[in-house]
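Enquirer: Here is how the chains run, residue by residue.
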Amino acid sequence: DTEVTQTPKHLVMGMTNKKSLKCEQHMGHRAMYWYKQKAKKPPELMFVYSYEKLSINESVPSRFSPECPNSSLLNLHLHALQPEDSALYLCASSLSASGYNEQFFGPGTRLTVL
Amino acid sequence: TQLLEQSPQFLSIQEGENLTVYCNSSSVFSSLQWYRQEPGEGPVLLVTVVTGGEVKKLKRLTFQFGDARKDSSLHITAAQPGDTGLYLCAGVPGAGSYQLTFGKGTKLSVIP
Numbered sequence: 007d008t009e010v011t012q013t014p015k016h017l018v019m020g021m022t023n024k025k026s027l028k029c030e031q032h033m034g035h036r037a038m039y040w041y042k043q044k045a046k047k048p049p050e051l052m053f054v055y056s057y058e059k060l061s062i063n064e065s066v067p068s069r070f071s072p073e074c075p076n077s078s079l080l081n082l083h084l085h086a087l088q089p090e091d092s093a094l095y096l097c098a099s100s101l102s103a104s105g106y107n108e109q110f111f112g113p114g115t116r117l118t119v120l
Numbered sequence: 012t013q014l015l016e017q018s019p020q021f022l023s024i025q026e027g028e029n030l031t032v033y034c035n036s037s038s039v040f041s042s043l044q045w046y047r048q049e050p051g052e053g054p055v056l057l058v059t060v061v062t063g064g065e066v067k068k069l070k071r072l073t074f075q076f077g078d079a080r081k082d083s084s085l086h087i088t089a090a091q092p093g094d095t096g097l098y099l100c101a102g103v104p105g106a107g108s109y110q111l112t113f114g115k116g117t118k119l120s121v122i123p
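Going line by line, the protein sequences match chains A and B.
Using my numbering, the first residue of the first sequence is number 7, and each one after it goes up by one.
Using my numbering, the first residue of the second sequence is number 12, and each one after it goes up by one.
Just chain A, same shape as in the assembly:
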């Protein structure tokens, strides 16, 4: 299995909703990442988990809450989002968060906040 999967593919939510994005990989990778990507822009790093511990939080607002239940799963909990949070949310994984850091991306979740 050489892929990263993400669910759901699309998500529409109101500003008062609580929802979660899910990411899974079975490549034995020990680093997992959340990125946010706006249209026609490169991905922006949000969080890095290394060996199931949060190692980097790029000053992301607290309405985004990551969770890494085990080495294969990564969640992003969403609460009280703003319309400007609408974007493509990408999960990625790599063997480790060091070295060449070759990252493999999932297909993304297209989030729309109304």
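Short, incomplete list of chain B residues facing chain A, as computed with Cβ under 8 angstroms:
(1) S42
(2) Q44
(3) G51
(4) G53
(5) P54
(6) L56
(7) L99
(8) V103
(9) Q110
(10) G116
With the C-beta cut set under 10 angstroms, the calculated list includes, among others, these residues of chain A facing chain B:
(11) V10
(12) Q12
(13) Q43
(14) P48
(15) P49
(16) E64
(17) L94
(18) A103
(19) S104
(20) G105
(21) Y106
(22) E108
(23) F110
(24) G112
(25) G114
Derived from the structure by calculation, the hints contain no laboratory data.
C-beta atoms are modelled at their ideal positions from N, C-alpha and C, and glycine is treated no differently.
Here the structure of chain A is known, so what remains is to put chain B in place on it, guided by the hints.
Expert: Just chain B now, kept in the frame of chain A:
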């Protein structure tokens, strides 16, 4: 913060033409990756280059890493409509952070 300048930003060519995309920096990178991304999808890793002067070929795509590991290029021969997409270069800085620094991307359109 180490920056990657990618050019051109947009490229529209006819099927069968050749093209080159550039990724330049004033800083050294320990490795550099090229991705292709289609609308609404995640980036797909095409190649990783790690050695100065390295050249890798993937069918009609040729990737080169500069001798000083500060720049890279992607050359496509006889472009096909299926090559259409956003091409992103991303580098791991030579010292300090191991996180990817992305270029702004090149939006390629190949017209049949």
